[in-house]
Amino acid sequence: MNWMLALPEIVLACFGMAILIFGVVRKHDSTLLATMFTLGAFLITGFLVATRAAGSGFNGQFVTDSFSTFNKELILLGGALALILSVDWNRSQRIERFEYPVLVLFCTVGMMVMVSASNLMSLYLGLELQSLALYVLAAFARDNVKSSEAGLKYFVLSGLASGLLLYGISLVYGFSGTMDFQALHAALRTPAAAPPGLIVGIVFVLVGLAFKVSAVPFHMWTPDVYEGAPTPVTVFFATAPKVAAMALLLRVMGTSFADLLPAWQALIVLMSIASMVLGALAAIGQRNIKRLMAYSSIGHMGYALIGLAVGSSDGVRGVLVYMTVYVLMTAGTFACILAMKRDGKPVEQIADLSGLATTDPGLALAISVFMFSLAGIPLMAGFFAKLYIFLAAVKAGLFVLAVIGVLTSVVGAFYYIRVIKVMYFDPPVAAFDRRPPALSFVVAATGLFTAFFFLFPAPVVDAAEMASRVLFR
Amino acid sequence: MNAAGFPILSLITWLPLVGCVVIMSVRGDEHTVASNARWTALWTSLLVLALSLVLWVKFDPREPGFQFNESVTWLPHYRIAYKMGVDGISTLFVLLSTVLTPVCILASWESIQVKVREFMLAFLVLETMMVGMFCATDFVVFYMFFEGVLIPMFLIIGVWGGPRRVYAAVKFFLFTLTGSVLMLLALIAMWLQAGTTDISVLMDTHFPVHMQAWLFFALMASFAVKVPMWPVHTWLPDAHVEAPTAGSVILAGVLLKMGAYGFLRFSVPMLPDASQSFAPLIFTLSVIAVVYTSFVALAQEDMKKLIAYSSVAHMGVVTIGIFTFNEQGIQGALFQMLSHGIVSGALFLIVGVVYDRIHSRDIIRYGGLADRMPAYALVFMLFTMASIGLPGTAGFIGEFLVIIGAAQVNFWLALLGGLGMILGAAYMLYLYRRVIFGTITHADLKHILDLSPREWAVFAPLVVLTLWMGIYPSSFTGFFDESVSAMVQHHHDAIATTVKFAQEAVH
Numbered sequence: 297m298n299w300m301l302a303l304p305e306i307v308l309a310c311f312g313m314a315i316l317i318f319g320v321v322r323k324h325d326s327t328l329l330a331t332m333f334t335l336g337a338f339l340i341t342g343f344l345v346a347t348r349a350a351g352s353g354f355n356g357q358f359v360t361d362s363f364s365t366f367n368k369e370l371i372l373l374g375g376a377l378a379l380i381l382s383v384d385w386n387r388s389q390r391i392e393r394f395e396y397p398v399l400v401l402f403c404t405v406g407m408m409v410m411v412s413a414s415n416l417m418s419l420y421l422g423l424e425l426q427s428l429a430l431y432v433l434a435a436f437a438r439d440n441v442k443s444s445e446a447g448l449k450y451f452v453l454s455g456l457a458s459g460l461l462l463y464g465i466s467l468v469y470g471f472s473g474t475m476d477f478q479a480l481h482a483a484l485r486t487p488a489a490a491p492p493g494l495i496v497g498i499v500f501v502l503v504g505l506a507f508k509v510s511a512v513p514f515h516m517w518t519p520d521v522y523e524g525a526p527t528p529v530t531v532f533f534a535t536a537p538k539v540a541a542m543a544l545l546l547r548v549m550g551t552s553f554a555d556l557l558p559a560w561q562a563l564i565v566l567m568s569i570a571s572m573v574l575g576a577l578a579a580i581g582q583r584n585i586k587r588l589m590a591y592s593s594i595g596h597m598g599y600a601l602i603g604l605a606v607g608s609s610d611g612v613r614g615v616l617v618y619m620t621v622y623v624l625m626t627a628g629t630f631a632c633i634l635a636m637k638r639d640g641k642p643v644e645q646i647a648d649l650s651g652l653a654t655t656d657p658g659l660a661l662a663i664s665v666f667m668f669s670l671a672g673i674p675l676m677a678g679f680f681a682k683l684y685i686f687l688a689a690v691k692a693g694l695f696v697l698a699v700i701g702v703l704t705s706v707v708g709a710f711y712y713i714r715v716i717k718v719m720y721f722d723p724p725v726a727a728f729d730r731r732p733p734a735l736s737f738v739v740a741a742t743g744l745f746t747a748f749f750f751l752f753p754a755p756v757v758d759a760a761e762m763a764s765r766v767l768f769r
Numbered sequence: 006m007n008a009a010g011f012p013i014l015s016l017i018t019w020l021p022l023v024g025c026v027v028i029m030s031v032r033g034d035e036h037t038v039a040s041n042a043r044w045t046a047l048w049t050s051l052l053v054l055a056l057s058l059v060l061w062v063k064f065d066p067r068e069p070g071f072q073f074n075e076s077v078t079w080l081p082h083y084r085i086a087y088k089m090g091v092d093g094i095s096t097l098f099v100l101l102s103t104v105l106t107p108v109c110i111l112a113s114w115e116s117i118q119v120k121v122r123e124f125m126l127a128f129l130v131l132e133t134m135m136v137g138m139f140c141a142t143d144f145v146v147f148y149m150f151f152e153g154v155l156i157p158m159f160l161i162i163g164v165w166g167g168p169r170r171v172y173a174a175v176k177f178f179l180f181t182l183t184g185s186v187l188m189l190l191a192l193i194a195m196w197l198q199a200g201t202t203d204i205s206v207l208m209d210t211h212f213p214v215h216m217q218a219w220l221f222f223a224l225m226a227s228f229a230v231k232v233p234m235w236p237v238h239t240w241l242p243d244a245h246v247e248a249p250t251a252g253s254v255i256l257a258g259v260l261l262k263m264g265a266y267g268f269l270r271f272s273v274p275m276l277p278d279a280s281q282s283f284a285p286l287i288f289t290l291s292v293i294a295v296v297y298t299s300f301v302a303l304a305q306e307d308m309k310k311l312i313a314y315s316s317v318a319h320m321g322v323v324t325i326g327i328f329t330f331n332e333q334g335i336q337g338a339l340f341q342m343l344s345h346g347i348v349s350g351a352l353f354l355i356v357g358v359v360y361d362r363i364h365s366r367d368i369i370r371y372g373g374l375a376d377r378m379p380a381y382a383l384v385f386m387l388f389t390m391a392s393i394g395l396p397g398t399a400g401f402i403g404e405f406l407v408i409i410g411a412a413q414v415n416f417w418l419a420l421l422g423g424l425g426m427i428l429g430a431a432y433m434l435y436l437y438r439r440v441i442f443g444t445i446t447h448a449d450l451k452h453i454l455d456l457s458p459r460e461w462a463v464f465a466p467l468v469v470l471t472l473w474m475g476i477y478p479s480s481f482t483g484f485f486d487e488s489v490s491a492m493v494q495h496h497h498d499a500i501a502t503t504v505k506f507a508q509e510a511v512h
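Protein sequences, first through last, are from chains A and B.
Just so we're aligned, residue 297 is where the first sequence starts under this note's numbering, counting upward by one.
Just so we're aligned, residue 6 is where the second sequence starts under this note's numbering, counting upward by one.
Hints are computed from structural coordinates only; laboratory data are not their basis.
Keep in mind that a hint or two might mislead.
[Stated by the list, open to error] Now the in silico label distances, taken between C-beta atoms and shown as ranges:
| # | chain 1 | residue 1 | chain 2 | residue 2 | range |
| --- | --- | --- | --- | --- | --- |
| 1 | A | F750 | B | T37 | 29 to 35 Å |
| 2 | A | L577 | B | R67 | 40 to 46 Å |
| 3 | A | R390 | B | R362 | 58 to 64 Å |
| 4 | A | R765 | B | Q508 | 34 to 40 Å |
| 5 | B | T37 | A | I317 | 42 to 48 Å |
| 6 | A | M516 | B | V77 | 20 to 26 Å |
| 7 | A | I317 | B | V77 | 43 to 49 Å |
| 8 | B | V23 | A | S736 | 21 to 27 Å |
Idealized CB from N, CA, C, for every residue including glycine.
With these hints in hand, go ahead and build the complete structure from the sequences.
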């Protein structure tokens, strides 16, 4: 049993418990320190992840390879960004508690287990660890009705999805006799021989995971939770868990059910189209920028799913590049949303951005970079993300999907540029409060990445290329 | 290394961004920043113009292929490189862009008073995008610049435009984007087929005939919106009317040329069979554009709208010329693009002159300007004549060549295409009469001032160019003679090959 493979997860979990004890012992004003420790733990874990050798351990329950490394680093990055953004906000909203970084940390451990899962059992364990922490995080502002509602809503719906997933797992196990991904792959070489019960099981697994990536028609919770949860939690929701769930989906579909592609491809195509269309159309009517971002993320998951529908390592590479760009530009956008404060009170309406180009040109520029990138306008990172996805789709002959994809991206562009319109063309209103330096740092870092990705795409693309070779072999 | 001895095309392309950095680094009160931004933008664009004149001098017109080539590895996995180069077709468009930019900056000197710094930044970024697009010899790089143009133009229309600017800007953005994303798919398909995005390799790649049809429509979706062809021209009048004067000039002068340039650079050489088979479609749409929009122009009450519709008609002539696939037609199309770039740009500047003074574009608000503004009337007349296509002005050569080219294809095509000249005379003279002649009836026109020295400086280069192009066109056609012959030859060879294969398949 090669438990050294799971060293990053073990170390991170130990850090989590230590920070928890530290918080309890120290009692007050421990949040900042706990956050710093957590960030440090993320850093150490990131280093450990990067230096892990590929291999499989715990009787095939747990696997590390280039794919898991790529996604774990991305998850750690997303978690770290969300943590950095939370400090000042939580303090000003009086929800400053040391449990916050600890919850984020345990959630991250869960996600890392998800990414490394190579058995339906470890998959489920990771997923539940992650979800448990997320329920609490969504309701973290417990005196706020909307936040409590978000937590409850997410809990109920996520519980339902977990149930469906578990049911699917039991069906898959019942009809194939194994839960190990490699064994499943070996058992399911011929699509024609797959029993109908197994297909039903796969559909249930797919539904359970689709809920986590908030693909249509399992997206209902997204806008409410995004709007209701405290904004730093929304940042977290929008980044790391999406990466983990997408990675999980890729891993399950790309290893155990890879040869059954004809059986589940249509399902993914439908979800992808539905997500892109709904993400584009439903966002048009939104006035609240957090809800707008919720629909935007639904749309983006639709694009990422194109890569899965392709069912090849090209597609996986597309998804990985897409998720990387998505995490950074989404974190950046939310950092800008966190900067939207007047007299200490957060404002969330798009109209509140009116005339921002006059009152705060720097922030307006950053938001426009993110919006153009989210819309997929060239030279911004978002364009390249879409380029790799469409490249894979055209190569695989999924022309209809590609055409619908580009057309919905035009519809999507409409609401993204409307945000820019509000900032640049509308008369200015009162300026926002001074923003904390941590926020400016995140905005600048992610903004620079988004704007100048085109100069140095190679590191990300090469790493994604390496990672994608593991799946759909 | 290239003929200039240094990477001149990249320098021309990226130098405006250096100007942007300088403008952004200026601190001080609003007045200082504004005046500094104006001067920096002007000097940067003049420097770029001077550099681009090196192209004019050093360009070897006997060489049909790309010159001044540059290549830098960019995405090696996908065999995409940052490649720049110009041939006879693109050189003059680079020059057109670099000439019009300082003119526009000078024209906005007084009319832009709010957010001057941002305006100049947007304009310099726009110049980078335009020049880069004409210089790119890699399809992906081309696409980047092609869409990159959208962002500064969207802001120029939306921030500094007229009352309905937001509607116009969004419409402009979405129309163009819809076309572009379909082109993106075509680009990906061609990339996968050919394994590279190098334009000169793509030109020699033979795409399967059934694939060509789809690619042609995908590319056409993009270029037809940009040209714009009927019936996707509706964004143009809105964008032109609402854009500030300088924005309209660039829109008419360069951005519309991007569509036609795309047809010439991609559709015709890369998809010869599809171009040949869909030429009648293009002809039909173009003839409708020429005749229909000319009549629409006749009914306009707004000066800018009238010129905007006339642009659609003139660009219709260009697309006819491109798809005749003979030397006269394509040369005529190129010449018409250049002359239209200068002349319609100048006409928008003409409107801008009186708009700055009276703040109205309604034709009915004017009349009798000849009394108070004789110099203005003279310049206006010159460009009116050029727009109509009077011999001796730039407009004549292009239309004439296109009609000769069209006559070789189809008599009716030449006749209906030529109708544009007659209708053009009607609406332009009608406009001129209503604005310049008659008696002054509006009180504020009695004290209107004639062209200022700055405005003279704006118009002088355009006047010189218009007359030069009309009187001695060879100094311009000389640039693209060889490239166009090579292109026509290439097209006929490709068609012959397809026919030969088809016959072999039958036997």
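Evaluation of the provided hints:
1. A:F750 / B:T37: 29 to 35 Å: holds (34 Å)
2. A:L577 / B:R67: 40 to 46 Å: Since L577 of chain A and R67 of chain B have Cβ atoms about 56 Å apart, the given range 40 to 46 Å is violated.
3. A:R390 / B:R362: 58 to 64 Å: holds (59 Å)
4. A:R765 / B:Q508: 34 to 40 Å: Given range 34 to 40 Å: violated, Cβ gap about 47 Å.
5. B:T37 / A:I317: 42 to 48 Å: Taking Cβ atoms as reference, T37 of chain B and I317 of chain A lie about 59 Å apart, which means the hint is violated.
6. A:M516 / B:V77: 20 to 26 Å: violated (48 Å)
7. A:I317 / B:V77: 43 to 49 Å: Taking Cβ atoms as reference, I317 of chain A and V77 of chain B lie about 55 Å apart, which means the hint is violated.
8. B:V23 / A:S736: 21 to 27 Å: holds (26 Å)
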